[in-house]
Amino acid sequence: MPTIRVQEADFDIAAEIAAVRAGDPKIGAVASFIGLCRDVNDGEQVAAMTLEHYPGMTESAIRAIVEEAGQRWKVPHITVIHRVGTLRPLDQIVLVIAAGGHRGEVFAACEFVMDYLKTRAPFWKKEQTARGARWVEARRSDDEAAARWNGETE
Amino acid sequence: MLTVRYFARLREDLGRAGETLELPAQVTDIRGLRALLAARGEPWAHALQGDRAVRAAVNLEMARDATVLKDGDEVAFFPPVTGG
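Note that the protein sequences, when read in sequence, are chains W and U. Position one of the first sequence corresponds to residue 1 (the working numbering), numbered consecutively onward. Position one of the second sequence corresponds to residue 155 (the working numbering), numbered consecutively onward.
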């Protein structure tokens, strides 16, 4: 069963992995990814960022990504937690956990979920810099990272 | 009636998070709705048909220009996503 949460609160990776593993002796591999708020982006100091989302659509978009991962790999447990609201450098932004029988599948599923989340889940970042606030621009490299899962080439 | 929602830069540029409007008979898809809204002049024209990419969703799913609209739909316009 997937765990999908969009929340302002921070998360604890140890607690989330423990919850995924609890009572399931068939899990032999757990891969995880954490995205963090940095203090610099595109050459400017970032004091804070605000993450906006589309309640309802964001959760269903993540659910669709997780379901697609489940069709591609044998990964019975996937957790996605994404924070919204105001975040500062050093803060955690996003957590993806993939758990299953073998490492190859959970590594792939974890990376796939992150790549698709970057291009398909409705979140928008606004950064506070010394020169004022600015919306983060989508990166072409993120589109390319997502496209490679379909064997697409730009 | 159609519910239209705006997010992120579009919400700021348009000064509103959403609106409801009656769908004119000649507007049948996302492309038509964008043109209808852009025809209001600024800031609509720049926000919806300017240089920057604009994405759309219909009933919480990503949509294309050719996605057909019907009465009661919830449409959203927003910039390319930047989460993660």
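Take the hints with a grain of salt, since some may be wrong.
[As the list claims (entries may be wrong)] For the chain W half of the interface with chain U, some residues (derived, Cβ under 7 angstroms), not all of them: (1) E52; (2) Y54; (3) M57; (4) S60; (5) A121; (6) F123; (7) K125; (8) G132; (9) A133; (10) V136.
Keep in mind the hints are simulated off the structure, nothing from the lab. As the structure is a prediction and not an experimental result, all values here were calculated from the model. Idealized CB from N, CA, C, for every residue including glycine.
Q | Hints breached by this structure | A | Hints 8 and 9 not satisfied by this model.
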